[in-house]
Amino acid sequence: MDEELIGFFREPCSQCSVVNWGVTEEGGYYCKSCHNVIERTVEVTDPSCVTGSRVSAISHGAKKPAKQKHGKDWMVCEGFQFILKQQAEALLAMGVRPELKDDILCNFWRGYLHKSQQAYTTKPLYSVTSQQESDSCPESLAASELSCLSKAETESDMDGARSTISGWSSDGGRLSSVCTEALDSSLYCSARERRMHHLMTMPMTLAFLHLSLLWLQEAITLADLLRFTAEGHIPYINAYQNFPEDMKLFGRDALIFRVESLPSYKMVQEEAHNLAIFLDLPRFPPLTSACLLHPSLLCLRYLMELNLPDELHVWVCWVMQQAGVGKDTFLTYDPWAEKSGLLNYDILASALIVVTLKLLFKLDDQQEWCLSNSADDENKQNQDSSIFCFRKWYKTVQGALVVAKEAEEQAMARKSWKSQKPVYPSMRNKSVVIKRRRVVEQLQAQFQKLTGSDPQPRQDSPSSFRLRWGEEDGGGPSYQGRRLGSAVKKRKGSARPSNPTYWHTALSSCKPRHCTDHFLEMEDSLPRSYVSVLGMVSFLLGVQETHVHAEVCLLERLLFKRPCQPRTKTSHGSRRKK
Amino acid sequence: MITNGCMLKSFKVTEEKGNPLPPQREKKPKTSPCVLRCGTAYGNLLAMDDISAEWMTSPVRDCGSDNDVSNDDDDEDDEEEEPIRKRSKWPDLPIPAPWYGETSKETGFHRSSRLCLNQIRECLLEHRWQEAAEYLISYFQTLEEISTPRQLLATEIIFRLGSEILHQHPNSKLEDVNHFFDLMKNTGVRGYLKISLEHSFHLLLTGNFDDAVRQLTTAESWRYGKQSAVQADKMKLIHAYRGFLSYLSWISKKGSSSEDDDGDVSAIQEMHTYFRQACISLQEILKLPGVWDPFVVGYVNMLEFYNDHEGALNVLKEYAYDSRFPPNPNAHVYLYRFLKRQGSTEKKQIRVLKILGALVPSHELMLELFSLLLESGTEQSLKEALDVLFNLLDDCSWKHSVAAWTCFRNMIKLLRRKKLKHLLEEGWETRKDWWPAFHFRTYHARADFQLSRQLLLMKVVVASTLVGNSKNAFSACLGLIVPANPLGRCFPTQSTFLLLGAGKEQKHGLGVLVNP
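Just so you know, the sequences run in chain order A and B.
Here the first sequence is numbered in full-length UniProt numbering, starting from 1 and rising by one per residue.
Here the second sequence is numbered in full-length UniProt numbering, starting from 1 and rising by one per residue.
Next up, chain A with everything else stripped away, as it sits in the complex:
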């Protein structure tokens, strides 16, 4: 065995320049003539690793337990693959169909690896020989500040076996340092390289999940996905903690895998769209009205969550029909369609609800209160409270929302971001980082003892609904079964809203890149009740009000299709509804 191993290694000793190697029990090489132990260790090669066909599940457990003290060599995309696998498993545990992991996400990932030349290619982006050249600079965090332009162009001819992601073999003369970072992490440290090769980032893992969920037409929208991530149901913050034992993070890896904030809705959406284009994805499966992502079904869910009466759903569907946003041609995502981004289904659905509320109650700080008065009168006459009263609803929901916001803020204040296994930026700092971690743990333990609190706060199971109504511990009474009453009039056999007018902001669309959002400058001039409704909706989705407002404007533009004409900025252009 020893002879075999030593046979591979024919370099002269650095001390005495004699080639006479022996192998220690730990698997390290030592020079038999001068007893100089070098840092290079015997690398255990495993055929299953080289030919590893199942990319979706690199199982390091299948390999022989690594003998090395400091872990094996690994590549950054392996790390991301591991994280994606964990995230997919978390989604499966939530009840997503198993195809997600094995078919869709796996295929996307393979496609990505291929397109970005990280695997399944004869010209890998990173090769051991290129690493040798770039590795001449010392490994430290300081080096990452220099743009590590490792020569990706020096592509050596690789044999077929190398084409898998873990396809480097042990014949490279690379001396592994005591603590190794991922082989190709230097590539990831330069923004230019990252852009050029579309390298992975942590937010991109969520983009992958989003695309897969969208392909499968699962009921988890992007807002849900981000919320589950924030609540920790989907591994994201410190996801690297769970890496297998022999994948050790060090130095620059920290920059790649350490997460100090959650990506925004917009950001993930853009990432997902770019990814879809990069992957050259075809048109997604058509989104029919039976899918849970269809606005009419999403609206039902949001109506329930907002504690609005079911009767509104008819009106929402009517608005949807009028605006033409219910058709699968509109809804289906096609990366290559003209001026198509990813549709934000959840925001669209909530915007539909806002438009419907505006249609029925006008939300101009007058009409809705008048209607509430008449609803109160009706209720008094009938001696029950079967008619939906906007004022009561507003008070209930607003109250619950204030409580929920406060709770969210407190949860945010208590959120733990730091990993239990810190990553050392460099060997020099290792002791400091470890010490600091230990101090934090000791302090936490001391104060936990002092307060008598649980070290691990209990975690609620994931739920689609943030607010609950009509239950004992819910936010308040449920208005689901209420009727709209006098807010709707029967005229000539068909129902019409008794509110005669509809207001909207300027319909002309702005130039796409010149101005982005007018909500902040307009906010003060908009009716308060409209802004509050926007606030409720945006809190539920976890997006900013301006996104919902933009979606409402888009819907209004579709509803009142007019030839685009420059209008003076009258924010309260009022218009009669047919």
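Mixed in with the good hints, there may be bad ones.
Stretches of chain A that chain B covers, calculated by requiring three or more beta carbons in the stretch to come under 8 Å of a beta carbon on chain B [unchecked claim]:
hint : segment
1    : 254-263
2    : 404-414
3    : 437-443
Derived by calculation from the structure, the hints in this document are not laboratory data.
Even for Gly, the Cβ is constructed at its ideal location relative to N, Cα and C.
Fit chain B to the given chain A structure using the hints.
Structure of chain B alone, referenced to chain A:
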């Protein structure tokens, strides 16, 4: 043995007035304000705005120059320190550090820590210690902050919050506190001496005098590479407090040995040892400009005990008149009291008090200055005495002081007797446009009457003299108030009051008023 309460009191003095402000600020702008604030944290922990203020004011250079993650290897630190300093874009100015508030680019982690700090602050303000401690558990993660300035700040904040919470939390024990302080000391080696000092303060507050002494003795002998040299300022403070504690021991020994007069020689010997220890340290710190009130008081006390009045006077004069020292009213107060104890001439006393009056016109000793000036009796001193009174009553804390207004009334009487009423007009000239609104409104009269009848009487006399009889709303309003009193049936005119005011006894005067 000195009582605990006395000790606490003396420490309170330290906290309130004695923020020792070594003048190194001018010489070494690199020193952070934190250095100069030693001894304050205990009193001010609740005032979290202090922390915020410190964030804003602590010079960037401070963060930049101490830029190293590893506290553990000093040699490497110092190697690194220089290049960073050169690289730093900041000019050599005390620019405020960036305020880590809400920004659009704030990371989630920073948002969490900001919200958490806000929550803790709310809890502390409302004395919800349990909740504050729970939030602090989450806040500890900021110690693992990557950027060095933020990390240093986090150490400081956690140290202050933690010690305050442990101090107040019902379940906390002394071991907890000690453990916490030890942990913090070894985490932020840079703050070792400061934390040691705070630790000893805490021990003093909880009555563990010996432990506090031990703590300071350990800190005195602390050596840690170049870290101890950087903290030289704090080392001086440690020495000073160590000396101060020796002084406290000296006091307790003095108390016990004076009880039994034939005290044995060893006790006296011990007392002398403490005296020598305290003397050396206190002498040292008093050479440095700063506000050292408790130290000065202690030192002078000891010198007086050993009859070194000359030395004590020199120390006090140095402390009061050395221009390197920041202006400090207490210095003059101590000097005045010393002179008074020694029975020195009035002239000297007046001179000291005049300087004090220039610094703090509303100081409580101004009444003493007034009577001293009256005693000398010349026209010049009368004028000065009147000025003192006017200045005193300019301050709203004296508004309702019976003593001050009585003095004024007496002064008016005196001036009238000596036919020097023009002096009154000189002082009144600058005040006539605002004193009526400040002192002599109807509602003032009403409030004064509620407070004390005598005060009202005095004020009426002064008001009628100063403002004049005809259009003084203040004295006119008396007609409204006095009848409301069930005792007073008559409607006193101003002249009755003037007569009454001129009477010998106010009480007697009142008696006349009630039974005309």
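To see whether the hints hold, each was checked on the structure:
Coverage of the segment 254-263 of chain A by chain B holds. Counting CB-CB distances below 8 Å, 3 residues qualify, and the rule asks for three or more. Requiring three or more residues with a Cβ within less than 8 Å of a Cβ of chain B, the coverage given for the segment 404-414 of chain A holds, as 5 such residues are present. Counting residues of the segment 437-443 of chain A whose CB lies closer than 8 Å to any CB of chain B gives 5, which reaches the minimum of 3, so the coverage claim holds.
Taken one by one, the earlier hints all hold for this structure without exception.
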